[in-house]
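Engineer: For the record, the sequence lines run as chains A and B.
Sequential numbering of the first sequence, starting at 1, is according to this note's numbering.
Sequential numbering of the second sequence, starting at 1, is according to this note's numbering.
Hints listed in this document are in silico derivations from the structure and should not be mistaken for laboratory results.
Note that CB positions come from ideal geometry on N, CA and C, so glycine has one too.
Careful, some of the hints might be misleading.
Stretch by stretch, here's where chain A covers chain B in the computed footprint (C-beta under 8 angstroms, at least three residues) [claimed, not checked]: (1) 8-20; (2) 34-42; (3) 118-126.
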Amino acid sequence: MIRNIAALISGVVFGLGLTVSQMTNPDKVLAFLDVGGAWDPSLLLVLAGAVTVTVVAFRFVLKRPQPVFEKGFYLPTRKSIDRKLLGGSAVFGVGWGLVGLCPGPAITSLAFGNTESFIFLGSMIAGSALAHFWPRQVEEETEVLQPA
Amino acid sequence: MENFTPVSAIIGGAMIGVASSMLLVLSGRLAGISGILAGLLPPRRGDMDWRILFIGGLLLGAVAYQVFAGEVYEVSFSLGWPAIVIGGLLTGIGTRVGSGCTSGHGVCGLGRLSPRSTAATITFIVAGGLTVFVVRHVVGG
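Could you put the whole structure together from the sequences, leaning on the hints where they help?
Structural biologist: Right, here's the structure in full:
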């Protein structure tokens, strides 16, 4: 129960942050990616603001023996920088550059009631399902529960 | 740079960082949103409630913003439906094959100083920039 409340509150703060920073506004995102046009560097500051907090906070958090409401941390184990990582990220980048929404803002923007957001999210979920047909697609990323 | 909004960008960004840190310290989870969503396909008993609540929280956050601001948030899309469908499909495929998106690789991966996530983040920003360049200045120009 308490774990679910923690997830809900984290989600609310995350959704507020995305909205305040305008990551949920495709025009704003595309203006950031449009280095050859009227470039708007705002989103670089969104990333910088977020990463400044996570770099500092994660250092302390991951020194704890365990999370507050869980027995361990769920962290990705894969370390390799391979074709799958870079190819997938490039494909995502093309989709991001085409529309201006990434997954978090795509979900969050449903709250603004635009039909386009629903179409985008539906297509994105379909794409996630299709990803299993990518050549040499292996099993889902394994996550490890660090011993407490 | 007429539309540069540094203050709201830094405040909003910091909130995203705080939210990611909260989820990690309280629940031991990284706030990678494409992964949190994909973990529901198909839903698994015992591992779905927190995912649904986090995603519901995202929506609630956007609703709360509109209530506080007292106005409906205006969003505009520059391209039509076919491009939106293609963009959505590519985003879904790419984030699964590439193991993450802006939040997972960008905010959380960079936060863990992960070389893998750094490579992914640079790749999707460059690919996004090239795509916008082609759409706006090659095809549209």
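Engineer: The structure should be examined with respect to each hint, and the outcome stated for every one.
Structural biologist: Outcome of the hint check:
1. 8-20: Held - the region 8-20 of chain B has 13 residues with a Cβ nearer than 8 angstroms to chain A, which meets the minimum of three.
2. 34-42: It holds: at least three residues are needed, and the region 34-42 of chain B offers 5 whose Cβ sits within less than 8 angstroms of chain A.
3. 118-126: It holds: at least three residues are needed, and the region 118-126 of chain B offers 7 whose Cβ sits within less than 8 angstroms of chain A.
Consistency note: the structure conflicts with none of the earlier hints.
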